[in-house]
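*Asks:* Each chain is listed here by its residues.
2 protein chains.
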Amino acid sequence: MSSRFAVRGTDREIEIGTQFAPKFDEHGLIACIVADANDGEVLMLAHMNEEALVRTIETGDAWFWSRSRQQLWRKGESSGNTLAIQEMRVDCDQDAILLKVQISGNGVACHTGVRSCFYRKLTVKQTADKSLSLGFVEGPKR
Amino acid sequence: MSSRFAVRGTDREIEIGTQFAPKFDEHGLIACIVADANDGEVLMLAHMNEEALVRTIETGDAWFWSRSRQQLWRKGESSGNTLAIQEMRVDCDQDAILLKVQISGNGVACHTGVRSCFYRKLTVKQTADKSLSLGFVEGPKR
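Just so you know, the sequences run in chain order X and R.
Under the numbering used here, the first sequence is numbered contiguously, ending at residue 627.
Under the numbering used here, the second sequence is numbered contiguously, ending at residue 627.
What the hints contain is simulated information worked out from the structure, not anything from laboratory work.
Careful, some of the hints might be misleading.
For identical chains, the list gives no copy identity; a pair is met inside one copy or between any two copies.
Said to hold, decoys possible - Once the Cα atoms are required to be at most 20 Å apart in a straight line, the calculated SDA-like pairs of lysine to any residue come out as:
| no. | residue 1 | residue 2 |
| --- | --- | --- |
| 1 | Lys585 | Lys606 |
| 2 | Lys606 | Asp578 |
| 3 | Lys585 | Asp524 |
| 4 | Lys585 | Gly502 |
| 5 | Lys585 | Val539 |
| 6 | Lys606 | Asn523 |
| 7 | Lys585 | Asp546 |
| 8 | Lys606 | Gly502 |
| 9 | Lys508 | Leu607 |
| 10 | Lys585 | Asp521 |
| 11 | Lys606 | Asp521 |
| 12 | Lys508 | Gly494 |
| 13 | Lys585 | Arg600 |
| 14 | Lys508 | Val492 |
Since the structure is predicted, the reported quantities are computational estimates derived from the model, not experimental observations.
Build the full structure now, drawing on both the sequences and the hints.
*Replies:* This is the structure:
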């Protein structure tokens, strides 16, 4: 399959050019940050292959490549929590995508039942022997 | 080097347990989203190896692994735009990190001189032959 996106040029062309030339890694994937279009909260990080990216652009709903299930996946297909793309951005070297979305259904992005996958805040405590003890202050809140 | 983080347990332990057990990929890296602690804007996506993650936790400044330069990198070391960690979060399966930061210096996170690496919004136009024409509405704004 030949790429349906622009050929990647020089660093300068990639950074300030007007062509979308996404860089897929050696597994054919590009990282994709999903944030809520309303309040900007980061909801999840997922990966797209070329087909998922094309379907996302064509349909306006977020499609990903599931690395664990090794299959194309329309987010929310079974849960009803589909992600309608409000805005799509790419970073300087075009190897990461940012989607600003509106979540359908009950507004939950994480498969654990909470809004954002990033539901745990990390805390660091210095223990008596000066080693670091890591843990979480917050568990998932439903 | 033995890991300085918890051993990864069952899916349930990883998702709702109280132990930080980050998953590094086959290159020893974990993806790290950086967002502004004040307004939540997504600034960049970078990668950490175990050493970068340990230094970030120990120092409170963001350290990454540069895949292009293949070296450990304290963000802002040369530019002065270091990232002071206000909050650190991990996602459900603990294979992605979210840093909420305060940028020092002139408040610029991207090496191109703009605040966020995600300075370009993607637009899609349907061309006469029904193929998709992709481009950007916004270039970098300094």
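*Asks:* So, for every hint listed, does it hold in this structure?
*Replies:* Hint-by-hint comparison with the structure:
1. Lys585 x Lys606: Classified as between: cross-chain Cα gap 11 Å, same-chain 22 Å, threshold 20 Å.
2. Lys606 x Asp578: For lysine 606 and aspartate 578, only the inter-copy Cα distance (14 Å) is at most 20 Å; the intra-copy one is 29 Å.
3. Lys585 x Asp524: both (10 Å within a copy, 15 Å between copies)
4. Lys585 x Gly502: Classified as neither: same-chain Cα gap 22 Å, cross-chain 30 Å, threshold 20 Å.
5. Lys585 x Val539: Within one copy, since 17 Å is at most 20 Å while 31 Å is not.
6. Lys606 x Asn523: between (22 Å within a copy, 17 Å between copies)
7. Lys585 x Asp546: within (11 Å within a copy, 27 Å between copies)
8. Lys606 x Gly502: between (38 Å within a copy, 13 Å between copies)
9. Lys508 x Leu607: The answer is between: 15 Å across copies meets 20 Å, while 31 Å in one copy does not.
10. Lys585 x Asp521: Cα proximity of lysine 585 and aspartate 521: in one copy and across copies (6 Å, 16 Å).
11. Lys606 x Asp521: Answer is both: 19 Å inside a copy and 16 Å across each meet the 20 Å cutoff.
12. Lys508 x Gly494: within (11 Å within a copy, 33 Å between copies)
13. Lys585 x Arg600: both (14 Å within a copy, 18 Å between copies)
14. Lys508 x Val492: within (10 Å within a copy, 32 Å between copies)
In terms of the numbered hints stated before, the structure departs from hint 4 and from no other.
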